[in-house]
Amino acid sequence: MTGSLARALWLAWRSPTGRIAAITFLLMALVALIGPHLLADPTLIPDAVSGAAAPSASHPLGTDQLSRDVLSRVVSGARVSLAVAALAVALSLTVGAAVGLIAGYAGGLTDAVLMRLVDGALAVPRLFVLLLLVLVWDRIPLAALILVIGVTGWFGTSRLVRGEVLRLRRAEFVQAAEALGATPGRIILRHLLPNVAGPLIVTATLGLGDVILLEAGLSFLGLGVQPPTPSWGGMILDARPVLLTAPWTSLFPGLAILITVLAANLLGEALQSAFDPRTA
Amino acid sequence: MTLLTVTDLRVAFPGPNGRVVHPVDGVSFTMERGETLALVGESGCGKSLTSMALLRLVPPPGRITQGSGILLDGQDLLSLDERAMREVRGGRIGMVFQDPMTSLNPVLTVGDQVAETVRAHQRIAAAAAKARAIQLLGEVGIPEPAERYQAFPHQLSGGLRQRVMIAIALAGEPALLIADEPTTALDVTVQAQILELLERLRESHGMAVLLITHDLGVVAGRADRVAVMYAGQIVESAATDRLFRSPSHPYTQSLFASIPRIEGPVGRLAPIPGTVPAAHAWPAGCRFQPRCPRAEERCAVTPPIVTLAGGQTCRCWLAAPTP
Amino acid sequence: MTAPLLEVRDLVKHYRAGSVLGGSRPIVRAVNGVSFQVAPGETLGLVGESGCGKSTVGRTILRLQEPTSGEVRFEGQDLFALDPQALRAARRRMQIVFQDPYSSLNPRLTIGASVAEGLEIHRLVPKHQIRDRVCQLLGEVGLDADMAERYPHEFSGGQRQRIGIARALAVEPAFLVCDEPVSALDVSVQAQILNLLADLQAARGLSYLFIAHDLAVVRQVARRIAVMYLGFIVEMGTTESVIGSPRHPYTRALLSAVPEPDPERQRTRIVLSGDPPSPTAVPAGCPFAPRCFHPAKDARCLSERPALRPAGDGVVACHHAEP
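Residue numbers (this note's numbering), protein chains in the order written: chain H, 15 to 294; chain F, 374 to 696; chain Y, 30 to 352.
The set of hints was computed from the structure by calculation and includes no laboratory data.
Predicted model, so just to flag it, every value in this text is computed and none were measured.
Incorrect hints may appear among the rest.
Unchecked claim - Incomplete in silico selection of chain Y near chain F, CB under 8 Å:
1. Glu183
2. Ser185
3. Asp215
4. Ser217
5. Gln221
6. Leu229
7. Ala245
Here a beta-carbon is modelled for each residue, glycine too, at the ideal position from N, C-alpha and C.
Excised from the complex, chain H in its bound form (with noise of 0.2 Å):
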């Protein structure tokens, strides 16, 4: 699986923008990831409360009308956002993956039911569901987010993925492995699967940036990430009273969506034409 699938990935490196967006990605990642420990805690309010106050020395970023701290915020408010983005997608993929796999493969009614199945869900609006099953859920725990962006968001994958398979099916080397006797479980995860992971990995690039949008309205909305753990839209959310007086306490976590949605979406598109056979 690594020779091609490296060669793909060292492509998209090659590419200007989609080395700007991965070393973005991976800036973000490491500053969520070690951030936290090396600033103050984000959800303390200190005894002095004095407002808002704009970027200084001591807060590079200001601080909000409690007092606290911006930059630890919008640094926290990155680990909960990407680990509700990554941990949603990678929910979404497998799922999406595997009912693709088994309908693709197994054809027939399986594929047929499944597929009917799928058309169904894609039909309502997701949004919706969302936002029913997290006004229906009160003060809806970080878990539960992730499992319900993830469980409404594997349709299309799953079609994307069927479409693939079906393509794959007709493959001699796929018949090559039936008629040496390998099982259907053999075949999907050495055959199809390898050969399904170029598409699935643009998928998830290009997921990961809609889902840390969507958490984002969420939690704007007061519906997805809920205090005291900070998150980007959270932080827009408080930051509504002083939008004017204040613009940096909305300003920051706004701009760390926008970059951050912009890298996944770049890379995503990188990834795509570095997997393109024409250009491969």
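For chain H, the structure is supplied; the task is to place chains F and Y on it using the hints.
Using the frame of chain H, we list chains F and Y on its own:
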């Protein structure tokens, strides 16, 4: 006057490591009116690219290099502007491609595609063009041409689609028809039909036909002269009879020894060892030398083109008269 | 007379084109009652043009597709009655080599991993010996052992075919279905692969079902030939008699259409009218009747399907064939 004169045709492409490679490297040949010349070779020898170069359709970043010469009826094709060249394409030179499925527009009826080409080369009204298109469809042997006019490519079989391609090529009344592997994608019984058709049309229209193929069998029955290509160059050319009776270049000889026959004794085939080299890795000197059963030391130097009896030419040291 | 290795009786394969929940789905009658035998160590050639069902026969006798009806006995076992476990074991003895070298190898696996697949599935060799075994197999097909770590895209078409053959040989089969194994290769490479297959047959006592559309190639490798048309076998016999004195009109047309690379030996060609028919529209009566040119063709040909009758040392399905 000679219909087509190609002199030292060279096509350049950027290769790995910034070098320039020449998949067509110094090809020269002539064609007279009404004759059939077969350009034979395996994949990678440059035969298709040669035919595209004649129409100046070399895909970028490739280009025809300076010093190449293409004269059609005495006119220098390389000096024409794009507009004039467009009139030549499909007009004085018609082309039939290998795969009719991808060469025909799937959303237009076949009749419309023929009529479109007619109108591109003649100033006539739409109705007249349609009539001419139906006439051409009939001429290429499509049954019920007036009805088939309305058909879409996917509704026709491979053989019929190829006939449509030929009709399109004929629409401009070409003096030269280039047929690039016209029957490779077809069944053998259909292949015979199409080759018969080309032969018939050649006679009735007085066209010259440049037949590009890898199949020596197709050549034997249909061509007046043959040019064998290997690694971007013509290594041998002769009248068909002469080539089959006494091939002089080791590559041609090896090819004959390696193909299965439908008649004659069945023995072990004598394959050519190794594989065809890629354009960026052509051997210095004689390009066939690494695989040649009769290679000698002097083959490290590029061999001259030797002219033998009856106009046969051979690019090989072994054909050179011993001093 | 030794017992046949493979016995096929009245094999039928029909399927519905189109999706499960889609609209009208025409029935494709790909194979319509095919019977033949292959003895140990022999090669049976199966020829025909596109749509005749030969590839479907190849895949169905290996149970890569489930048959509609019929029986296949391999080494005495009824293949269609085996449960998945027994079928897996039986698969070791019968393998397949495909036509397209570019899609017959998993692009994500090293060729060593591809070749080793059969060894792993059937646990034929302890893990630490797999590497050696793979190198041995690669050597047997003429490839260097150090190529095992490379990926398919680094190899030429001919080399990929060799890798596919090595993969099939890994499980020590007795029988190989060769589905157009050289059609996609260059002429000079075809001979290499044909020789390899012949050598392997001699060394390992393999039997082949050699499927091809090229009669000259089949003549080279097969001792017996079966000619297929529209899902039926229309003639079967020794290579000498089928090619030397064909009895079925279709066989005659097929032979006359084969391009012969010898200008001296140009046959008068029988050019069939019309196109090869579609397996969705199999005529009642003789399948070849609509295109048949036999002077004695009559109403019986159109209404009554001829059975295979003995003629010479083989069988023919024609109401008017000479015995």
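Hints and how they fare:
no., hint, in the structure
1, Glu183, "violated (12 Å)"
2, Ser185, "holds (5 Å)"
3, Asp215, "holds (4 Å)"
4, Ser217, "holds (4 Å)"
5, Gln221, "holds (4 Å)"
6, Leu229, "violated (14 Å)"
7, Ala245, "holds (4 Å)"
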